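Student: Residue numbers (the numbering used here), protein chains in the order written: chain A, 1 to 295; chain B, 296 to 615; chain C, 616 to 951.
Quick caveat, the hints were computed from the structure, so don't treat them as lab data.
Please read all numbers here as calculations on a predicted model, not as lab measurements.
Treat the hints with caution; some may be incorrect.
[Said to hold, decoys possible] Covered stretches of chain A, as calculated for chain C (at least 3 residues, CB under 8 Å):
#1 179 to 191
#2 203 to 210
[Unchecked claim] Partial pick of chain C residues on the chain B-facing surface, computed with a CB cut under 10 Å:
#3 A759
#4 V762
#5 L821
#6 L827
For every residue, glycine included, the Cβ atom is placed at its ideal position computed from N, Cα and C.
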Amino acid sequence: MEGAARAARADSILAANLQDFARNRVALGATVVVALFALMAAFAPWIAPQDPYASDLFRRLQPPAWMEGGEWAYPLGCDALGRDILSRVIYGSRVSMFIGVAVMLIAATVGALAGLAAGYLRGATDVVVSRIVDILLSFPYLILAIGLMATMGPGLGNIVLALVIKEWVLPCRIVRAETLAAREMEYVEAARALGASSRHIMLREILPNVLSPLIVVSTFRMATIIIMEASLSFLGLGVQPPVPSWGSMVADGRQFLIGAWWVSTLPGVMILVLVLAINLASQGLRDAFDPRLRR
Amino acid sequence: MTPFLAIRDLRTTFHTRQGVVRAVDGVDLDVMPGECLGVVGESGSGKSVTFLSVLGLVKPPGRIESGQIRFDGRDLARLTPTELRAVRGRDIAMTMQDALTALNPALRVEEQIVETILAHDRLPRLAARSKALDMLRLLGIPDPERRIRDYPHQFSGGMRQRVMIAIALACRPRLLIADEPTTALDVTIQAQVLDLIAAMRRDLGMSVVLISHNLGVVAEHCDRVALMYAGQVVETGPTRAIIDRPRHPYTQGLLRSMPVLSDLDRPLVPIPGQVPSLVDLAPECRFLPRCGQAAPECRREIPLLSMGEAHAARCIRVAA
Amino acid sequence: MTAALAPAEAPLLSVRDLRKHFDLRRGLRRLTGDAQRHALRAVDGVSFDLRRGETLGVIGESGCGKSTLGRTILRLIEPTGGEVRFDGVDLGTLDKAGLKALRRRMQIVFQDPYASLNPRRTVEQIVGLGLSIHEPRPAAAIRAAVVDTLGRVGLSSAHLQRYPNQFSGGQRQRIGIARALILNPEFVVCDEPVSALDVSIQAQILALLEQLKRELGLTYLFISHDLAVVAHVSDRVAVMYLGQIVELGPSRSLLREPAHPYAQALLAAVPRIDGAPAARQRLAGDVPSPLAPPAGCRFHPRCPHAMAVCRQAPPTPRTIAPGHVVACHLYEGGAA
Numbered sequence: 001m002e003g004a005a006r007a008a009r010a011d012s013i014l015a016a017n018l019q020d021f022a023r024n025r026v027a028l029g030a031t032v033v034v035a036l037f038a039l040m041a042a043f044a045p046w047i048a049p050q051d052p053y054a055s056d057l058f059r060r061l062q063p064p065a066w067m068e069g070g071e072w073a074y075p076l077g078c079d080a081l082g083r084d085i086l087s088r089v090i091y092g093s094r095v096s097m098f099i100g101v102a103v104m105l106i107a108a109t110v111g112a113l114a115g116l117a118a119g120y121l122r123g124a125t126d127v128v129v130s131r132i133v134d135i136l137l138s139f140p141y142l143i144l145a146i147g148l149m150a151t152m153g154p155g156l157g158n159i160v161l162a163l164v165i166k167e168w169v170l171p172c173r174i175v176r177a178e179t180l181a182a183r184e185m186e187y188v189e190a191a192r193a194l195g196a197s198s199r200h201i202m203l204r205e206i207l208p209n210v211l212s213p214l215i216v217v218s219t220f221r222m223a224t225i226i227i228m229e230a231s232l233s234f235l236g237l238g239v240q241p242p243v244p245s246w247g248s249m250v251a252d253g254r255q256f257l258i259g260a261w262w263v264s265t266l267p268g269v270m271i272l273v274l275v276l277a278i279n280l281a282s283q284g285l286r287d288a289f290d291p292r293l294r295r
Numbered sequence: 296m297t298p299f300l301a302i303r304d305l306r307t308t309f310h311t312r313q314g315v316v317r318a319v320d321g322v323d324l325d326v327m328p329g330e331c332l333g334v335v336g337e338s339g340s341g342k343s344v345t346f347l348s349v350l351g352l353v354k355p356p357g358r359i360e361s362g363q364i365r366f367d368g369r370d371l372a373r374l375t376p377t378e379l380r381a382v383r384g385r386d387i388a389m390t391m392q393d394a395l396t397a398l399n400p401a402l403r404v405e406e407q408i409v410e411t412i413l414a415h416d417r418l419p420r421l422a423a424r425s426k427a428l429d430m431l432r433l434l435g436i437p438d439p440e441r442r443i444r445d446y447p448h449q450f451s452g453g454m455r456q457r458v459m460i461a462i463a464l465a466c467r468p469r470l471l472i473a474d475e476p477t478t479a480l481d482v483t484i485q486a487q488v489l490d491l492i493a494a495m496r497r498d499l500g501m502s503v504v505l506i507s508h509n510l511g512v513v514a515e516h517c518d519r520v521a522l523m524y525a526g527q528v529v530e531t532g533p534t535r536a537i538i539d540r541p542r543h544p545y546t547q548g549l550l551r552s553m554p555v556l557s558d559l560d561r562p563l564v565p566i567p568g569q570v571p572s573l574v575d576l577a578p579e580c581r582f583l584p585r586c587g588q589a590a591p592e593c594r595r596e597i598p599l600l601s602m603g604e605a606h607a608a609r610c611i612r613v614a615a
Numbered sequence: 616m617t618a619a620l621a622p623a624e625a626p627l628l629s630v631r632d633l634r635k636h637f638d639l640r641r642g643l644r645r646l647t648g649d650a651q652r653h654a655l656r657a658v659d660g661v662s663f664d665l666r667r668g669e670t671l672g673v674i675g676e677s678g679c680g681k682s683t684l685g686r687t688i689l690r691l692i693e694p695t696g697g698e699v700r701f702d703g704v705d706l707g708t709l710d711k712a713g714l715k716a717l718r719r720r721m722q723i724v725f726q727d728p729y730a731s732l733n734p735r736r737t738v739e740q741i742v743g744l745g746l747s748i749h750e751p752r753p754a755a756a757i758r759a760a761v762v763d764t765l766g767r768v769g770l771s772s773a774h775l776q777r778y779p780n781q782f783s784g785g786q787r788q789r790i791g792i793a794r795a796l797i798l799n800p801e802f803v804v805c806d807e808p809v810s811a812l813d814v815s816i817q818a819q820i821l822a823l824l825e826q827l828k829r830e831l832g833l834t835y836l837f838i839s840h841d842l843a844v845v846a847h848v849s850d851r852v853a854v855m856y857l858g859q860i861v862e863l864g865p866s867r868s869l870l871r872e873p874a875h876p877y878a879q880a881l882l883a884a885v886p887r888i889d890g891a892p893a894a895r896q897r898l899a900g901d902v903p904s905p906l907a908p909p910a911g912c913r914f915h916p917r918c919p920h921a922m923a924v925c926r927q928a929p930p931t932p933r934t935i936a937p938g939h940v941v942a943c944h945l946y947e948g949g950a951a
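Extracted from the complex, chain A is given alone in its bound form:
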């Protein structure tokens, strides 16, 4: 259908993919949800009704506003130290979003560069990169992260490091496989025939062609990263108190689950909603970007 192809007036493949994405209502809705979380994180100090660190022992385990004993100044109730749960949940989104985005970006960059080098240069580079990938893949993710956090000690930077160490592997494998296919294309040969450097070929010719799968896999992994951070914080290895993190908030409320269910439940719901939204959005991206699923 050459005629049909020419009738397409989309400027680039990327633009066409994004048009497809915008047509997918579920994915679009999910993206809006993720965006709301991002806004919440960015503007936390302006949105939060209370100081998330201010404890008031008279409000210890105060129920949400709609229940008996609740008040609208503390809409979602208070935790064991009498801190406003809504404000802490809002501030907690900062940790989740920051870790999710930071780890995703660093891992995607490192993985893409390693994958490009391994797939295009082949030889010793490929052997070294592929062996490191194989070794890292043989470690269970959570155990590796727990071990690293226990060694390095808590802290935001250390969480990022502990997760990136394994997280770059997946983008690397995807990019390497795509690069292996792309390097055999005649347009790569044409660039070599013109005397282009390996650097040019990897970054200008091949990278744009492997960007779609990279974006898809990275957004998909962001959900896992957020769960990993929550798990580490739940175990007390992540963000340290009093900084609010959804994982540590769930942990804090465990012992009151019977009498004061809201302490654990609300941060748990937030994790669920954000992870679900990211997954739905990334599925939409995959449908739009993967030509094999195209009708």
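Starting from the known structure of chain A, fit chains B and C onto it as the hints suggest.
Tutor: Chains B and C in isolation, oriented as in the chain A frame:
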């Protein structure tokens, strides 16, 4: 003589994001008993879609809008999918251009041929197997007892094309539609496969439709030719008449642009421009933008105009 | 006379005994496996000269090594052995910088108009790449040169910002030609440049290549499986079979009276549009695997004239007419 297969005013469209692609737009074609009809056209001319429509193999977003496909007294366009499936294989078989993707890579050749035979004939399995072996032998595949146990990827391109023809011929169809059977093959292998189809036609007394982009291939093997352009038949008639006295400017242009070994001094004259988009076609001659002999009268729908001897062309100059 | 001492015309390209064997052993097998048995002899001892302004057609079936030959000459693939001289310079002696400098003088046009253009880059980026590598200059200057080259191949500045998917096969091939020509090369390998195109578009591209050759004084190595196409564009034709040239001669005489039985069979297999086909000899069987080429003459298992000697010794190339060389035992006795 009544035609064996008669296609009347067939219209098949594809509903795409860019609009409605009119891939086949009012095609009339006849296939006589025992004849070999060549269907020639460039990519996007609708030659393959026409015959996929005949067999009910057009996949969504493609759709047969209208038309009659009379085969053996029945209108194939009105059959249910189950009835059509019975016609495919038993009465009409089609081979595809790309044998590697058309064959199932996970099944041995044996299973693929035997299953096809069993789907149409109530035979004991062993009898079906020996029939399959006969077919492979007939098609010149060396050592068939051993090769029948192989998987498609273990065959070379030419052999694979033969396997596909063997599957197509396994149920002795009365009509074989061969879609670009040689395009993926080298010239020496191409000649072998075409000779083979010609021999099968003689021996089995079947009709053949040979779809190709190569007028030379068709000229050698077909009694009659239909040229398609942008979803329509633009010229049809006896092969020799069309090659010696082409009447449609597209046919003339095609012949002038083809390099011919016997006349190397003749300069090649390209047809300017490109095939039109099949979306939003104006009601006028489809070749108009590329035609050197265009006139104001060409700006309307032109029917196929007969000039005797079963030779017809879709051009106003035929009447003049 | 002094003129007679120096050859009137030194060849622009001179290929001697060029070989490319692909090692098919993987991983540890490279240390243990039998190198001979796992070597795919894609190009196996090819020699020819190419004069400036000439077009040499290379014809053969898939797997005969014709595409590998073109790429090995350009050093897109490292040769296993042999010598390639371009304008007197032995490419094997060049370092990375020297080779890069020479790249602007030798270019390639590819077969597949889809795979050969990067789908994520604009026409301006694709065509301008050569200039940005060899003559870095302001974007506006590169753009002007790109527009100029696009004009040569029948495209215009309106196409600069478009992506390849917005073009038809013929237009894409024009873009590929523009990319190769922007550096004003002297020698261009055309690797099946029209095979993927419709017949009516084929003639457009062939005419364009002819016109560019005249205007820019180009020298072509024109690789194709289509005899009629090669015959139309070439001054001389080389017929390849299993990695070797079996016959090389002026295109008219070679195609009128092919000497090698393989060339004869190839010619006989071409479908004719003019009249009924003559009773012709069909080649039986498939091309043998280049992994284990037959001993002696490589064509002997399929050759209708095979003799005892053909199974034992490879034939040596013989000149049977001025500039017409054949490697076949049939001509060894007669011409000697």
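Student: Now, for every hint given, state plainly whether the structure supports it.
Tutor: Verification of the supplied hints:
{"no.": "1", "hint": "179 to 191", "verdict": "holds (count 6)"}
{"no.": "2", "hint": "203 to 210", "verdict": "holds (count 4)"}
{"no.": "3", "hint": "A759", "verdict": "violated (27 Å)"}
{"no.": "4", "hint": "V762", "verdict": "violated (22 Å)"}
{"no.": "5", "hint": "L821", "verdict": "holds (6 Å)"}
{"no.": "6", "hint": "L827", "verdict": "violated (15 Å)"}
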